[in-house]
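J.: All chains, full assembly: derive it from the sequences and hints.
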Amino acid sequence: MIYKKPDMSRYNFVLLGMILLFSSCFKEYKGKINIDGSSSVYPITEAVAEEFRKIDPDIRVTVGVSGTGGGFKKFLRGETDISNASRPISAKELEASRAAGIEFIEIPVCYDGMAVVVSPKNDFVDYVTVAELKKMWSPESQGKIKTWKQVRDSWPDVPLNLYGAGTSSGTYDYFTEAINGKAKASRGDYTASEDDNVLVQGVSSDRGSLGYFGLAYYTENKSKLKLIPVKLTEESEAIFPTEITVQNGSYQPLSRPEFIYVNLKSAQLPHIQKFVKFYMENAAKLALEVGYVPLPVEAYRLSYERFTKGHTGSVFENKSVVGANLLQLLSTHQ
Amino acid sequence: MASKKFKSEKLIEWTMLLCSMVSVLTTIGIILVLSIDSIKFFEEVSFVDFLTDKQWTPLFEDKHFGIMSLLSGTLLTTTIAIIVAVPVGLSIAVFLNEYASKRFTSIVKPLLEVLAAVPTVVYGFFALQFVTPMLQKVIPSLAGFNALSPGLVMGIMIIPYITSLSEDALRAVPNSLREASYGLGANRFQTAFKVMVPAANSGIVVSIILAVSRALGETMIVAIAAGQQPKLTFNPLESVETITTYIVQVSMGDVPQDSMEYRTIFAAGMTLFVFTFILNNLSFWIRKKYQQRYE
Amino acid sequence: MSPKIKDTLFRIFAIFCTTLGLATLLILLVDITIKGITRVNWSFFTNLPSRLPEQSGIYTALAGMVSLLLFTLLIALPIGILSGIYLEEYGKKNRLANFIEINISNLAGVPSVIYGILGLELFVRLAGLGNSILAGALTLSLLIMPILIVSTREAIKAVPNSLREAAFGMGATKWQTTSRVVLPAAFGGILTGIILSTSRALGETAPLIVVGALAYVPFIPEGPMDQYTTLPIQIFNWTSRPQQGFVINAAAGIIVLLLFTFILNGIAIYLRNRWYKKTAI
Numbered sequence: 000m001i002y003k004k005p006d007m008s009r010y011n012f013v014l015l016g017m018i019l020l021f022s023s024c025f026k027e028y029k030g031k032i033n034i035d036g037s038s039s040v041y042p043i044t045e046a047v048a049e050e051f052r053k054i055d056p057d058i059r060v061t062v063g064v065s066g067t068g069g070g071f072k073k074f075l076r077g078e079t080d081i082s083n084a085s086r087p088i089s090a091k092e093l094e095a096s097r098a099a100g101i102e103f104i105e106i107p108v109c110y111d112g113m114a115v116v117v118s119p120k121n122d123f124v125d126y127v128t129v130a131e132l133k134k135m136w137s138p139e140s141q142g143k144i145k146t147w148k149q150v151r152d153s154w155p156d157v158p159l160n161l162y163g164a165g166t167s168s169g170t171y172d173y174f175t176e177a178i179n180g181k182a183k184a185s186r187g188d189y190t191a192s193e194d195d196n197v198l199v200q201g202v203s204s205d206r207g208s209l210g211y212f213g214l215a216y217y218t219e220n221k222s223k224l225k226l227i228p229v230k231l232t233e234e235s236e237a238i239f240p241t242e243i244t245v246q247n248g249s250y251q252p253l254s255r256p257e258f259i260y261v262n263l264k265s266a267q268l269p270h271i272q273k274f275v276k277f278y279m280e281n282a283a284k285l286a287l288e289v290g291y292v293p294l295p296v297e298a299y300r301l302s303y304e305r306f307t308k309g310h311t312g313s314v315f316e317n318k319s320v321v322g323a324n325l326l327q328l329l330s331t332h333q
Numbered sequence: 000m001a002s003k004k005f006k007s008e009k010l011i012e013w014t015m016l017l018c019s020m021v022s023v024l025t026t027i028g029i030i031l032v033l034s035i036d037s038i039k040f041f042e043e044v045s046f047v048d049f050l051t052d053k054q055w056t057p058l059f060e061d062k063h064f065g066i067m068s069l070l071s072g073t074l075l076t077t078t079i080a081i082i083v084a085v086p087v088g089l090s091i092a093v094f095l096n097e098y099a100s101k102r103f104t105s106i107v108k109p110l111l112e113v114l115a116a117v118p119t120v121v122y123g124f125f126a127l128q129f130v131t132p133m134l135q136k137v138i139p140s141l142a143g144f145n146a147l148s149p150g151l152v153m154g155i156m157i158i159p160y161i162t163s164l165s166e167d168a169l170r171a172v173p174n175s176l177r178e179a180s181y182g183l184g185a186n187r188f189q190t191a192f193k194v195m196v197p198a199a200n201s202g203i204v205v206s207i208i209l210a211v212s213r214a215l216g217e218t219m220i221v222a223i224a225a226g227q228q229p230k231l232t233f234n235p236l237e238s239v240e241t242i243t244t245y246i247v248q249v250s251m252g253d254v255p256q257d258s259m260e261y262r263t264i265f266a267a268g269m270t271l272f273v274f275t276f277i278l279n280n281l282s283f284w285i286r287k288k289y290q291q292r293y294e
Numbered sequence: 000m001s002p003k004i005k006d007t008l009f010r011i012f013a014i015f016c017t018t019l020g021l022a023t024l025l026i027l028l029v030d031i032t033i034k035g036i037t038r039v040n041w042s043f044f045t046n047l048p049s050r051l052p053e054q055s056g057i058y059t060a061l062a063g064m065v066s067l068l069l070f071t072l073l074i075a076l077p078i079g080i081l082s083g084i085y086l087e088e089y090g091k092k093n094r095l096a097n098f099i100e101i102n103i104s105n106l107a108g109v110p111s112v113i114y115g116i117l118g119l120e121l122f123v124r125l126a127g128l129g130n131s132i133l134a135g136a137l138t139l140s141l142l143i144m145p146i147l148i149v150s151t152r153e154a155i156k157a158v159p160n161s162l163r164e165a166a167f168g169m170g171a172t173k174w175q176t177t178s179r180v181v182l183p184a185a186f187g188g189i190l191t192g193i194i195l196s197t198s199r200a201l202g203e204t205a206p207l208i209v210v211g212a213l214a215y216v217p218f219i220p221e222g223p224m225d226q227y228t229t230l231p232i233q234i235f236n237w238t239s240r241p242q243q244g245f246v247i248n249a250a251a252g253i254i255v256l257l258l259f260t261f262i263l264n265g266i267a268i269y270l271r272n273r274w275y276k277k278t279a280i
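Residue numbers (numbering that gives the first Met the number 0), protein chains in the order written: chain S, 0 to 333; chain F, 0 to 294; chain V, 0 to 280.
Hint data in this document are derived by calculation from the structure and do not stem from the laboratory. Since we're looking at a predicted model, the values are computed, not measured. We put the beta carbon where it would ideally sit given N, CA and C, even for glycine. Hints are supplied without guarantee of correctness; some may be wrong.
To be verified - Here are the simulated SDA-like cross-link-like pairs (lysine to any residue), alpha carbons at most 20 angstroms apart as the crow flies:
1) S:Lys183 / S:Asp55
2) S:Lys223 / F:Gln128
3) V:Lys276 / F:Ser175
4) S:Lys145 / S:Asn160
5) S:Lys29 / S:Asp55
6) F:Lys193 / V:Lys5
Unchecked claim - Simulated DEER-style distance windows between Cβ atoms:
7) S:Leu226 / F:Ser140: 48 to 56 angstroms
8) S:Arg97 / V:Thr45: 41 to 49 angstroms
9) F:Gln135 / V:Ala96: 47 to 55 angstroms
10) S:Glu139 / V:Arg124: 40 to 48 angstroms
11) V:Trp41 / S:Leu226: 35 to 43 angstroms
12) V:Ser42 / F:Glu178: 28 to 36 angstroms
13) F:Ile82 / S:Ile54: 56 to 64 angstroms
14) V:Leu28 / S:Val296: 45 to 53 angstroms
15) V:Leu28 / S:Lys31: 36 to 44 angstroms
16) S:Arg97 / F:Ile82: 35 to 43 angstroms
To be verified - One-sided and incomplete, this derived list gives chain F residues near chain V with beta-carbon spacing under 10 angstroms:
17) Glu12
18) Gly182
19) Ala185
T.: See the structure below:
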């Protein structure tokens, strides 16, 4: 048998390729910032990172979408510098942070207004009160409240089809606490989805539908949906969620704050400080661009002060985030 | 010199043995990962409740931990997928092998393999935004989220698993058998199903087992199109939730990770693992009984 | 029913099935192309992710995906194929071997997220690889290994024993027989396995996110320890954003992903066709 000598030039090429592949494991950067967490907060953090890169491309910022829970887990193991969170840190997570010796600075970055919407085909709803929403969504209503008429007598006898957030999302926790009084207390027979775009589709075509999701999804789909103002009590005014009403707190209780949590050790590093400063200076403008609502200017100032002074801990320890007055909480903990 | 060859042979054999151990180690790893948190879970929830409760509501205030609702969702969607994929996939494989020209096969087989290459996210949205509305025209009572739509789409996705592997198996059957059959006066149909398929049945059964496993573990298609309402039902027109959807929903969501709610995904994952294991054991036992080996 | 009628009926049924499969594929492709083709231009390929849909691109995602795939195949192919060879050719046919076979098939049914969690504990944390491409590649390798092993085993099983015995008869050792006779004969089936498993790896999202693949990465990876993002993750992220422009982006991303998969598959299929011709089956 003729023995063919192996083609050495080809092997050399492969070897060169492998050396190149593995060579730059050792590149140097001015600084790296690892951010991970909620996919709701992601758009605004991405926007900040994007703009930040224009002023300082040598600081390498990366952002993940593991979810608030996954993000906190990594954060509390010291694997990330900043955690995006659509809810405050939970009691168990606080415990874990103390056990792990990880101190953090809690910084609210924007509001996410929750829009209550119905189909454009719905011609009978003018406003809805929190009490009525509770009637629609409470656990006791499961299997019982099935038509609009059952909620308010003047409404027609049209089937009530509910669309809402998936049960593992911060939106769900917040909505249930705000409307039903206890987080996670909700009827189970509704169409749930993590993907708000899917909810938009569902609500849009169904005359008897009612849904809730982030304001941005209403704003982007105005022609397909009808926005319903909410009355906190029967006597109060019916308020539409807009940038103004969410920011000044008049749209209650369905405005929830979103946060970033910064590792205290990371907060000592100059490149992190530069980034957080940039975040606070630009969050208002960028929040609007991605569909969120900016906090009042004072809130950003107070938060940044907490950051520079290194005030750790959560202002929401043992407190509910629903209806919370951020300005008050941020200033009393100075 | 003989010993040198022998040593290198042994070395190669050992290397391959080590490689095979990877799959064993993987299983051990998965069992460990699933068990550690499952055990913690079962410290707080009774095993009997887990198996018999009709509701699965760990993320609601009123918590129920009945795995049967999730399991029925998984079974429902998988069954629909298999009902589609096995007859279709097998028929195509037989057709390509026995009836079609080589040219036809060389074009169609790769095209069908493309079906396996479409990202499952794409299939999920296809099921939700195209298949479901289309089906709703024919079946008005079909819910926006249902088990039928993702089941059908999953079935189409796994056609290449069955077709390609079965076709390979059929191709490997010695031509002598085929010619003998024709020589006895059988037509294509008879040759295909009475001679070729039984001869290749080991490979065919393996492909089906693989396809079933794939369907059971499929995540994205059902996560997007089947819904998030766990329901103990066998009605494909209703919204259901599968074990895989639940796992992905919680692991990528906002639930704190050291909580009981989070640990439910390990109990659910363990259930799926055990179930698939039992199923696979059954299939292999069946296969062993009917295996044929030809020369 | 006469045999002839059965024959014709089956033929019709089979053609119907084939058409069903191909038609679905066609509808999918046409639908996606209509939705996304407007965004597929040069800037789409060279832009980084952005909050503005028109300026958002897949540059780093594509690079990350290619690197990830490269490392995954580098790891999974040798281990998977060698495992398949050993289990089929060398392994003793005892109960342990049976158990392993069932086991591997079982692994194919484990939800991909679980592989993500395993990878997180094992590669990211225990082995200290962090959220690097290497950790992601190792995780994906575990994910696709069962498909590779099963296909390899079936391919080898189908090789007629007469070939092996002829080789032994000529004095070849076990490895010589395996590498020079059995493997070439099984090459086509092994390629099928490679095609199916690569396709699987390319489309995965959830396990990679768990194991640390990111969504915003402003650089292309330069080594296996770098952080990364992938195209499926970008697509997944874009589908959940409210801005209408992102729907187009997602469709465009899918077009690119499919194109990429077709090219890869195409290469493998070309090789397999050549093998089919050579062995003239």
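J.: Does each hint fit the structure? Answer for all of them.
T.: Hints and how they fare:
no.	hint	result
1	S:Lys183 / S:Asp55	violated, 42 angstroms
2	S:Lys223 / F:Gln128	holds, 16 angstroms
3	V:Lys276 / F:Ser175	holds, 19 angstroms
4	S:Lys145 / S:Asn160	holds, 8 angstroms
5	S:Lys29 / S:Asp55	holds, 10 angstroms
6	F:Lys193 / V:Lys5	holds, 13 angstroms
7	S:Leu226 / F:Ser140: 48 to 56 angstroms	violated, 30 angstroms
8	S:Arg97 / V:Thr45: 41 to 49 angstroms	holds, 46 angstroms
9	F:Gln135 / V:Ala96: 47 to 55 angstroms	holds, 50 angstroms
10	S:Glu139 / V:Arg124: 40 to 48 angstroms	holds, 44 angstroms
11	V:Trp41 / S:Leu226: 35 to 43 angstroms	holds, 39 angstroms
12	V:Ser42 / F:Glu178: 28 to 36 angstroms	violated, 60 angstroms
13	F:Ile82 / S:Ile54: 56 to 64 angstroms	holds, 58 angstroms
14	V:Leu28 / S:Val296: 45 to 53 angstroms	holds, 50 angstroms
15	V:Leu28 / S:Lys31: 36 to 44 angstroms	holds, 40 angstroms
16	S:Arg97 / F:Ile82: 35 to 43 angstroms	violated, 54 angstroms
17	Glu12	holds, 6 angstroms
18	Gly182	violated, 16 angstroms
19	Ala185	holds, 8 angstroms
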